[in-house]
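K.L.:
So the protein lines, in turn, are chains A and B.
The numbering of the first sequence is the working numbering, which starts it at 454 and goes up by one.
The numbering of the second sequence is the working numbering, which starts it at 3 and goes up by one.
Worth double-checking, as some hints may not be accurate.
Unchecked claim - Under the rule of at most 25 Å between Cα atoms (straight-line distance), these lysine to aspartate or glutamate pairs were calculated in the DMTMM-like manner:
(1) A:Lys-1150 - A:Glu-985
(2) B:Lys-40 - A:Glu-945
(3) A:Lys-948 - B:Asp-10
(4) A:Lys-565 - A:Asp-1030
(5) A:Lys-959 - B:Asp-17
(6) A:Lys-1204 - A:Asp-1184
(7) A:Lys-966 - B:Glu-20
(8) B:Lys-40 - A:Glu-938
(9) A:Lys-810 - B:Glu-6
(10) A:Lys-703 - A:Glu-665
Claimed, not checked - A short, non-exhaustive set of chain A residues, derived as facing chain B with CB atoms under 10 Å:
(11) Lys-876
(12) Ser-880
(13) Trp-884
(14) Ala-916
(15) Asp-947
As the list claims (entries may be wrong) - Sample of chain A residues at the chain B side, in silico, Cβ under 10 Å:
(16) Arg-814
(17) Gly-815
(18) Gly-868
(19) Thr-881
(20) Leu-883
(21) Asp-911
(22) Thr-915
(23) Asp-918
(24) Leu-946
(25) Asp-950
Everything labelled a hint here was simulated from the structure, so no lab data went into it.
Even for Gly, the Cβ is constructed at its ideal location relative to N, Cα and C.
This is what each chain is made of:
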Amino acid sequence: MSNANDNPQAGQGRPLPKKDQDLFRTVVRHYETKQYKKGIKVADTILKRFPNHGETLCMKGLILNCTGKRDEAIAMVKTGLMKDMRSHVCWHVYGLIYRSERNYNEAIKAYKQALRIDKENIQILRDLSLLQIQMRDLTGFVKTRHTMLELKSNQKTNWLTFALSKHLIEDVKGAISIIDVYLETLDKDSPDVKKNYESSELALYRNMLIAEIPNNYQDALEDLEKCKHLVLDMHLWLTTKALYQLQLQKYHDAKETFELLLERGSTEDYSVHSGYMCAILQLSPPTCTRALKIKGARTIANTLPLTDDQKDILLKEYQNTLLDKYPKSAAVKRIPLTLFKCNSQEWKTSIESYMEKHLIRGVPSLGKDLASLILVEKEGEYVIATEPCDIVINPVYQNITSLVDGFVDSLETNGSFPNKEGKQPPSTLLWTWYLRSILHELAAHYSDAIKYIDKCLDQTPTAVDMYEVKGRLIKAAGDINSAAECLDKGRELDKQDRYINNQTVKYMLQAGKEDVALERMALFTRHESNPEQNIFDMQCYWYEMELAACHARKKNMGKSLKKYMAIEKHFEDFNDDQFDFHSYCIRKVTLRAYIDVLRWEDNLWGHDVYAQAAEGIIRNYLDLYINPPKDTTEDAEPDYSKMTAIERKKAKAQARKRKKKAEKKAEEEAAEEKDSKKKSNDKSNPPKIKDTDPDGKELLAKDPLEEAKKYVATLVKNAPNRISTWLCQYDVAILRGKYFMALQALKKADKLESCSANHEVFSRLIEFSKLEIKVHKHAAVQKVFESERLALLDSKTLNDFVKDVVDKVK
Amino acid sequence: MKREIVIDFGGITNDNVEQLRIINSTSLPISYADGFYKDVVKAKNESLNKYAYHNGFVIGSICCRIQDESKIYIMTLGVLPSYRGRNVGTKLVQSVVDYAISEEVRSKGVQEILLHVQIDNEDAIKFYQRLGFEKGEMVENYYKRIDPPHCYILRKKL
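Extracted from the complex, chain A is given alone in its bound form (with noise of 0.2 Å):
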């Protein structure tokens, strides 16, 4: 930890003796052994006979520490540091004794105090540089890192961290010039000029590099031909290339790389498929970026708007050459589904025996599959339908509902499919009245769909899958109950199926069953622990989320806010784990992965299910903003001046036996506590975290504004494109009566989704402007307010502003 030549008593001017300055470092190798028993029995020797050395104790604090016991560690670090202020040990164990308590800001604190002790202590510098990256304190780090370089530059890994360091401070031409001067360190032997893991992917990051810099494709594209004979991930090689050449518009080069990547496997990666159209289809450097960012089985087919003829050109490619090549792959007799005409005839041939063998097969997806091609416009762009009334009028939904209705009545009258030889097995027909009953269920024909999946149990009453759909029918139908109780059927059928039975704890949970969703969540969780625990610990946020609703459903506001803090907690859990991986990282070389992480990292707070978390948090505040609960616990003192005498002493009695009771819990409580501890003690068992405020009885205490208003500002700062983040500042703003936030909010919301889309803003934005509100003293801000708000209403009166908005709806 320290230099061996280091004055272990500098700061108090007087060293230690020969025998104990060795002693003193036995302690350190012992911290760093992790052998902590013999470091504190050393360091009890030393203090023995030099009781007020500063080091010692600090060190004797610091090994504390990581046997757990935190807060005697922390008095002695304190005390340690007290003693000698001028050790640049002492701070540096003050800083790691802050960094284990996640308290980051502190800890840079008292590492740079030691630092200004000693200027040059690499280790301190590492400390230092690893928070300074997990706080992002950019600046600071690559100063840092830049003075390790210089302190010790035979070690590849400060080179790396350095050229790192540059790329996040967005100097990417520093970066690429700091690796290529290591490079030139290397001699012909060395194994970093040789093909491995880690030079495969320090070449490819100084590409990617390369690549950042604007405009510079061919540079990035030369420079991966000359690196190629380092590189071991082929596939991601291949990308990359054929990625530079779209955006080159080397077209027919493009098509040849993708068309490797398709012979190398990667027939079923639709983002291939995407680019190897692209290529064809000459489209433009921006579309083949758009392209490339299709998420799932999609590509630019089903999309971006395609002319006839661009899809005829690509139909050919795909039925002529593709199909030949690879005849065996799913995509390839997938994508050209996308690529007919809808009413032709081809279309209807294709997709008939393409649900055909699906249904003989039984796969259950077939309904999602088919569901994937019903498109709707939305922005220029081709989107999955999901509204009911979009989906009724589609033609494509149309076609694919009669062709199922042609293929029922086959199979049940005479047991095969239309026009075809061969009888089927009664599966086929179960998985045709699944899909039938799936098409309904699109359309929101609930009752329909409903008589479908009854056919289906009744023929094979042990298929779980029916059970399934039927409860999510009649959840959609409006019985969250039944539902219920229909999964929890089903779920009995196949007690090994995790996926039922999570289901059935989520309908639970939604029908405001919670002791029993806690029963059906026990059957799977481990079985040492308590389940509600092992839960948090598996960070299984799905169940708290529901939970969670389902306490404020009943108004246990306590008990749904400390759910909703169970998510927040695993998100900076989230944060805190990526501190190993800024030293770890590096030492492997896997440096694209680690700036995909830090990015990941940067919009942590952004993420759906944190924001989803968050809003909740607000609504229950706000909830108990506007409805603050009432003192009818069970433990008030009755209002004893209302009462009469007989009845006062009653009450007396009364109140005086449930405080009897209560004590006597606590009592029993306490002596169990105790025994467990005793056997928790033998068996050393980690300490079962006794949770203190099972009701959340401490957050219902505290502001509910201030708190919805801090939250609030987190999702304003990092989710902006959820549209409930504005609705949720507009209602905070309105309560604190912010009115021009609140005007701001409004406006953010019908951006994202103008009011004939969103209720939510439609309701907000008439309130609003019906509201009588004196903003500003100022007349003119009051006049700019009022202007604003009449914008809103695109210089309408209400009236006629309503009217609109319905019309576009219908």
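Please arrange chain B on chain A, whose structure you already have, making use of the hints.
P.N.:
Quick look at chain B alone, frame taken from chain A:
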């Protein structure tokens, strides 16, 4: 047989025993107590207690036990109504017969398979006769809650 369907066999465990209840309730006129199902699960013998699966779903089952150390007794046999007439029941019984004549079981002294059938269940009697079972004596008032309450014993010597 043209209408024959492909089936697989699988064991009956505590996690899937509810499906046995469903098969029994759709195939048999009497209902069985919880103890019956507990015993089947406890026996853990897939050769005597098994499901018939088709395309991933349970469509039939057979449950037997060893009686008096010399007989195999078929307690229940059932196939979902929509899947009958496709050789499933036959395959279930045949698999037990094959097990019964195997070396390990023969060496234990098992000599016959038997079961009870309600006297008016013509289809069942014909079904077992086709498989080589013989109609034996009648047992009066065997059943408590169905009519007719009498049954035949059907036997197959191994």
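K.L.:
For each hint, tell me whether it holds in the structure or not.
P.N.:
Hints versus structure:
Straight-line distance between C-alpha atoms of Lys-1150 (chain A) and Glu-985 (chain A) comes to about 19 Å, which keeps the hinted pair within the 25 Å bound. With a C-alpha separation of about 15 Å, the suggested pairing of Lys-40 (chain B) with Glu-945 (chain A) holds against the 25 Å cut-off. Between Lys-948 (chain A) and Asp-10 (chain B) the CA atoms are separated by roughly 20 Å; this keeps the pair inside 25 Å, and the hint holds. For the given pair, Lys-565 (chain A) sits about 23 Å from Asp-1030 (chain A) by alpha-carbon distance, which is consistent with the 25 Å threshold.
A distance of roughly 21 Å separates the Cα atoms of Lys-959 (chain A) and Asp-17 (chain B); the hinted pair therefore holds under the 25 Å criterion. Only pairs whose Cα atoms come within 25 Å are accepted, and Lys-1204 (chain A) paired with Asp-1184 (chain A) is accepted, the gap being roughly 17 Å. Our distance criterion of 25 Å between C-alpha atoms is met by Lys-966 (chain A) and Glu-20 (chain B), whose separation comes to about 23 Å. Annotation: proposed proximity of Lys-40 (chain B) to Glu-938 (chain A) holds, straight-line Cα distance about 24 Å (limit 25 Å).
Using a Cα cut-off of 25 Å, the hinted pair Lys-810 (chain A) and Glu-6 (chain B) holds, with the two alpha carbons roughly 20 Å apart. For a cut-off of 25 Å, the pair hint linking Lys-703 (chain A) to Glu-665 (chain A) stands: about 19 Å separates their Cα positions. Checking Lys-876 (chain A) against chain B: minimum C-beta separation of about 7 Å stays under 10 Å; hint holds. Using the Cβ-Cβ criterion of 10 Å, the hint placing Ser-880 (chain A) at the interface with chain B is satisfied: the shortest such distance is roughly 4 Å.
A least Cβ separation of about 9 Å between Trp-884 (chain A) and chain B falls short of the 10 Å threshold, and the interface hint therefore holds. Given hint, Ala-916 (chain A) at the interface with chain B, holds; its Cβ is 5 Å from that chain's nearest Cβ, closer than 10 Å. For the restraint placing Asp-947 (chain A) at the interface with chain B, the shortest Cβ-Cβ distance is roughly 6 Å, inside the 10 Å limit, so the hint holds. Interface restraint check: Arg-814 (chain A) against chain B, minimum CB-CB distance 9 Å, threshold 10 Å, status holds.
Because the beta carbon of Gly-815 (chain A) sits about 5 Å from the nearest beta carbon in chain B, less than 10 Å, this interface hint is met. Using the Cβ-Cβ criterion of 10 Å, the hint placing Gly-868 (chain A) at the interface with chain B is satisfied: the shortest such distance is roughly 9 Å. Below 10 Å, beta-carbon pairs count as interface contacts, and Thr-881 (chain A) has one with chain B at about 9 Å; its hint therefore holds. The interface hint given for Leu-883 (chain A) holds, since its Cβ lies 8 Å from the closest Cβ of chain B, which is under the 10 Å cut-off.
A cut of 10 Å between beta carbons decides the hint on Asp-911 (chain A): the least distance to chain B is about 8 Å, and the hint holds. Because the beta carbon of Thr-915 (chain A) sits about 4 Å from the nearest beta carbon in chain B, less than 10 Å, this interface hint is met. Because the beta carbon of Asp-918 (chain A) sits about 9 Å from the nearest beta carbon in chain B, less than 10 Å, this interface hint is met. With a cut of 10 Å, the hint placing Leu-946 (chain A) at the interface with chain B holds, because the nearest CB-to-CB distance is about 5 Å.
Interface restraint check for Asp-950 (chain A): the shortest CB-CB distance to chain B comes to about 8 Å, inside 10 Å, so the restraint holds.
In summary, this structure violates none of the numbered hints.
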